[in-house]
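S.K.: So the sequence shown is numbered by the working numbering: it starts at 55 and just counts up by one.
Simulated from the structure, these hints should not be mistaken for lab results. A quick note: this is a predicted structure, and the numbers were derived from the prediction, not measured. Hints should not be assumed to be uniformly reliable.
[Said to hold, decoys possible] Simulated restraints on C-beta separations:
hint, residue 1, residue 2, range
1, S272, N108, 25 to 31 Å
2, S90, G245, 24 to 30 Å
3, L202, G248, 36 to 42 Å
Ideal Cβ positions, reconstructed from N, Cα and C, are used throughout, including at glycine.
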Amino acid sequence: MKGVSLILVCFAALCGVSVLSLGIGRYPVSPPAILSWLFTGASADANLPVVLLNIRLPRLIAAIAAGGALSLAGAAYQGLFRNPMVSPDILGVSSGSGFGAALGILFSLPVAAVQAISFAGGITAVLAAVLVSRAIGRSSDSVLVLVLSGIVISSLFGALLSLLKYIADPLDKLPAITYWLMGSFADIRTGELGTAVAMVLAGAIPLLLVSWRLNVLSFGEEEARSLGLHTGRMRVAVILCATLVTASMISVCGIIGWVGLVVPHISRFLAGANHRRLMPVSFLVGAAFMVAVDTVARSAASVEIPVGIITAVLGAPFFIWIMKRSSVRAW
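Construct the complete structure from the given sequences, taking the supplied hints into account.
M.R.: Have a look at this one:
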């Protein structure tokens, strides 16, 4: 399937899943009623606009932004590092954001302040990883040094997060920290989405615009330089944009694992290795996947299941299948 056709099919699938998601829940709504309200603003049911505007539509937007952002960042990192095992938290953004959120919850800060500290923690962790890699010095494999630096920083912030959980009040603060770390869209409200979505767009648009340069990087460091690509600047730009979109959504909905690792592989099966197609397809597939997962999370049981649990349950066996497939077919 050609690139434009595939993107349109993925967009149509996202729209279909979104309409179905808006109608599923404790208060079921038929797709025709949803479409009628979306296009005309009129509804025979007075409760429908309240349910959609105040509860389901904000969650839908957050799920689309989070799934798309994590998947896009994962595809960008895998292309940048030329490694299928790379995910958006490879440089410590998840552990840094988790530490920042736990710190805000521990001091009983407002929700907006918790989100801001979480975002700052994620950015700080990635910057620390970059600075550590530069302090170690230039080597023949600077990418490997950067990845190892990210692992070190991630472990450090993970240890600090464990310390905060250890000293937190087990009856009040610890449950709140634990629930936040599981990832959820339950507390999403319209007022919180504006800044997060704006930051996702600010990082996603540049990633999509430079996606063709990731194709050049796939030839290798020396080959890319010989073709006129400044690999150092390119690497910094991709890391900054991918970190921005990842940290902005983690700060709002918590840590949601596996999406940025698994969805780019699914998208690669559909779109191939050309990043000009792979990046937008990853965003759309990730958004549709997250909408479906959130729908299951809030409707499958009497109590809401954290989204991060479902993505881990689905992601782990799927990734085992990916590794088995990769053993007989080159990535």
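S.K.: Next, verify each hint and record whether it holds.
M.R.: Evaluated hints:
1. S272 to N108: 25 to 31 Å: 45 Å, violated
2. S90 to G245: 24 to 30 Å: 27 Å, holds
3. L202 to G248: 36 to 42 Å: 37 Å, holds
Comparing the model with each earlier hint shows a violation of hint 1 alone; every other hint is respected.
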